[in-house]
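With the sequences and hints as input, model every part of the structure.
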Amino acid sequence: MSTVEKETMGFQTEAKQLLQLMIHSLYSNKEIFLRELVSNASDAADKLRFEALADGSLFESDPELRVRVTADKEAGTLTISDNGIGMSREDVVANLGTIARSGTAEFLKNLSGDQRKDSQLIGQFGVGFYSAFIVADRVEVFTRRAGAPADQAVHWESSGEADFSVEAHNMAERGTKVVLHLREDCKEFADDWRLRSIIKKYSDHIGIPVEMPKMASPAEGEEEPADKAPEFEAVNAATALWTRPRTEVSDEEYQSFYKHISHDFSDALYWSHNKVEGKLEYNSLLYLPSQPPMDMWNRDAVRGLKLYVQRTFIMDDAEQFLPLYLRFVKGVVDSNDLSLNVSREILQQDPVVDSMKGALTKRVLDMLSKLAKNEPEKYQTFWKAFGQVMKEGPAEDFSNKDKIAKLLRFATTTDDKVEQTHSLEDYVSRMKEGQKDIFYVVAENHKTAANSPHLEVFRKKGIEVLLLSDRVDDWLMNHMHEFDGKTLKDVGRGQLDLGELEGEDEKKAQENLAEQHKDLIERVSKALGEQVESVRATARLTDSPACLVVGEDDMGAQMRRILEQAGQAVPESKPIFELNPEHPLVLKLDKEPDEDRFADLVDVLFQQAHLAEGAQLDDPAGYVHKLNKLLLELSA
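Letter 370 of the sequence shown, counting from 1, is numbered 370 in the UniProt record's numbering, and no numbers are missing.
Hint data in this document are derived by calculation from the structure and do not stem from the laboratory. One thing to keep in mind: the hints can contain errors.
[To be verified] Calculated pairs, DSBU-like style, for lysine-lysine (alpha carbon to alpha carbon, straight line, at most 35 angstroms):
(1) LYS526 - LYS626
(2) LYS275 - LYS460
(3) LYS436 - LYS461
(4) LYS357 - LYS403
(5) LYS526 - LYS406
(6) LYS403 - LYS279
(7) LYS588 - LYS518
(8) LYS432 - LYS447
(9) LYS373 - LYS486
(10) LYS357 - LYS200
(11) LYS486 - LYS507
(12) LYS401 - LYS432
(13) LYS447 - LYS486
(14) LYS73 - LYS6
(15) LYS432 - LYS508
(16) LYS460 - LYS201
(17) LYS403 - LYS384
(18) LYS73 - LYS279
(19) LYS401 - LYS370
(20) LYS403 - LYS275
(21) LYS461 - LYS447
(22) LYS373 - LYS275
(23) LYS461 - LYS362
(24) LYS526 - LYS507
[Claimed, not checked] Simulated restraints, written as ranges between beta carbons of each label pair:
(25) PRO351 - ALA172: 43 to 51 angstroms
(26) LYS357 - ASP300: 29 to 37 angstroms
(27) SER399 - ARG194: 20 to 28 angstroms
(28) SER399 - ALA172: 49 to 57 angstroms
(29) GLY622 - GLU511: 50 to 58 angstroms
(30) GLN616 - GLU511: 51 to 59 angstroms
(31) GLU74 - ASN298: 30 to 38 angstroms
Note that beta-carbon positions come from the ideal geometry of N, C-alpha and C, so glycine has one too.
Spelled out as structure tokens, the structure:
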């Protein structure tokens with residue numbers, strides 16, 4: 001018998017906070033706890049089946065895997081047990097005393113105190129075992145890891161407050177038994193019919209039987225022996241949903257299965273269920289979530305599809321089957337072409353996996369194309385949640401760059417709302433006669449992009465411009481140079497060239513600008529010195545006196561800021577300062593005889609051009625001082 005004494009431990013801080021929220025019943029639908037606990041039991045069975053591939057003795061002469069749900073109305077308890085992998089003492093402390101999932105701290109920060117909103121957050125987060133405290137004021141766990149001696153079982157207990165206890169236990173059967181001591185207002189969950197309906201609703205698709213005691217009454221005149229062991233019967237269909245024909249699976253079953261594998265409280269936005277036969281044979285069931293997980297921006301977070309081989313569970317997060325920019329996709333892939341002893345290392349070297357990855361990636365992109373074409377409102381919901389991740393695609397997946405480009409959405413100058421986005425195909429269909437380029441502007445945020453001085457000549461001519469303000473946009477455009485034969489051109493980079501959209505008179509006027517204002521340009525260049533690459537007159541401005549332009553081969557301002565914030569070294573470059581010689585301020589500047597005052601005025605215009613780009617000034621106090629000085633002179 002183990003000599004380990006009973007030990008009381010405190011919950012991890014985040015777990016403690018989450019438990020308090022559970023106890024206050026922030027779930028709007030309490031019955032969800034049973035789905036979570038049955039799902040955990042099913043996962044334990046899957047893990048045993050996988051480990052038993054290498055060590056058949058783990059089955060301990062009990063190879064029929066199952067989950068059992070039993071209730072005791074008189075005692076007010078509900079028990080969920082499984083004969084899966086079980087847990088050691090170390091597993092119990094690690095799994096039931098902490099929340100082992102990235103994004104926990106961020107999740108807790110987002111809790112607002114609004115019960116309705118918080119309950120939805122908890123559902124999205126997927127709290128698994130902790131959901132037991134929605135309906136129970138005390139929870140006990142009895143568990144023994146498969147292959148361990150009977151006296152190495154563990155008894156865990158907690159009332160969901162500050163701490164929990166762990167002590168040694170003796171347990172003949174492997175697996176885990178969770179005993180819920182139901183709250184007074186939750187005794188409905190000790191009713192057999194209620195439990196059966198919940199299991200059918202949420203767990204019908206699970207690939208192992210979920211059993212409950214048979215409800216058959218004894219024959220008339222007979223009494224059931226008090227010591228007779230109960231007979232159990234499967235309540236669920238116990239058939240892996242992805243192996244069934246699509247025509248036999250209802251939307252409700254698909255949504256229920258999605259919640260089972262993703263631990264998401266919300267419905268999936270869209271899904272695709274396919275059976276592939278031929279050179280490769282596999283089943284896939286892929287889902288698009290309706291909202292992003294907390295850890296979506298952590299590119300190193302655990303992600304991937306559930307992998308089964310010949311219906312045998314292999315791993316939870318097989319990231320090898322989809323590229324990183326599709327990391328939000330949830331689902332299952334079940335292959336007949338991989339060996340049962342497959343590991344992550346083998347997956348990385350298997351050509352079959354590469355073929356499946358290509359096919360599954362195409363499947364997801366086709367799903368998105370159909371959604372965009374047939375249900376554009378749903379696609380807008382998807383884009384709002386996952387658009388920035390999709391923008392990583394053209395750089396990471398060259399072979400599918402054209403497909404991804406058609407799925408991208410951007411705000412444009414045709415609409416003031418940042419929420420309203422348009423495809424590149426829509427943009428091309430609205431291009432003016434003679435227009436050969438797709439124009440875009442990149443800025444720190446949507447408002448700065450929409451009010452950029454670079455757009456002035458485009459608005460004057462009625463030319464549509466894409467408004468790019470996501471942090472990934474500048475990087476995206478470095479990898480996407482054309483679409484549908486049209487060059488993508490940054491309106492804030494290099495010399496303005498509108499091609500056939502400019503008349504001959506306009507082109508000649510632009511060419512003459514430099515000569516007409518040669519003296520002014522020289523004075524401004526001298527005043528700015530080493531701060532700029534060059535100074536030139538421009539016809540791109542109609543309302544603003546000046547703007548900054550990035551050199552044709554230089555790094556964009558947005559990308560430069562991102563790298564600097566990340567502590568990365570960036571190549572040195574200076575902006576080009578363009579003047580609108582017809583603007584009243586520039587005309588007045590040209591007539592200023594005092595060189596010191598001229599230099600101050602030029603510096604103010606230069607700093608204003610920086611502000612219009614959404615940039616931070618190197619010396620904001622110096623700028624304010626000069627501006628105040630000029631204002632005082634005007635008011636004198």
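Against the structure, the hints come out as follows:
| no. | hint | result |
| --- | --- | --- |
| 1 | LYS526 - LYS626 | holds, 18 angstroms |
| 2 | LYS275 - LYS460 | violated, 54 angstroms |
| 3 | LYS436 - LYS461 | holds, 15 angstroms |
| 4 | LYS357 - LYS403 | holds, 16 angstroms |
| 5 | LYS526 - LYS406 | violated, 47 angstroms |
| 6 | LYS403 - LYS279 | holds, 24 angstroms |
| 7 | LYS588 - LYS518 | holds, 16 angstroms |
| 8 | LYS432 - LYS447 | holds, 25 angstroms |
| 9 | LYS373 - LYS486 | holds, 22 angstroms |
| 10 | LYS357 - LYS200 | holds, 33 angstroms |
| 11 | LYS486 - LYS507 | holds, 22 angstroms |
| 12 | LYS401 - LYS432 | holds, 26 angstroms |
| 13 | LYS447 - LYS486 | holds, 26 angstroms |
| 14 | LYS73 - LYS6 | holds, 29 angstroms |
| 15 | LYS432 - LYS508 | holds, 22 angstroms |
| 16 | LYS460 - LYS201 | violated, 60 angstroms |
| 17 | LYS403 - LYS384 | holds, 19 angstroms |
| 18 | LYS73 - LYS279 | violated, 55 angstroms |
| 19 | LYS401 - LYS370 | holds, 17 angstroms |
| 20 | LYS403 - LYS275 | holds, 23 angstroms |
| 21 | LYS461 - LYS447 | holds, 21 angstroms |
| 22 | LYS373 - LYS275 | holds, 24 angstroms |
| 23 | LYS461 - LYS362 | violated, 40 angstroms |
| 24 | LYS526 - LYS507 | holds, 28 angstroms |
| 25 | PRO351 - ALA172: 43 to 51 angstroms | holds, 46 angstroms |
| 26 | LYS357 - ASP300: 29 to 37 angstroms | violated, 19 angstroms |
| 27 | SER399 - ARG194: 20 to 28 angstroms | violated, 52 angstroms |
| 28 | SER399 - ALA172: 49 to 57 angstroms | holds, 56 angstroms |
| 29 | GLY622 - GLU511: 50 to 58 angstroms | violated, 37 angstroms |
| 30 | GLN616 - GLU511: 51 to 59 angstroms | violated, 36 angstroms |
| 31 | GLU74 - ASN298: 30 to 38 angstroms | violated, 48 angstroms |
Violated hints, listed in ascending order, are 2, 5, 16, 18, 23, 26, 27, 29, 30 and 31; each of the other numbered hints is respected by the structure.
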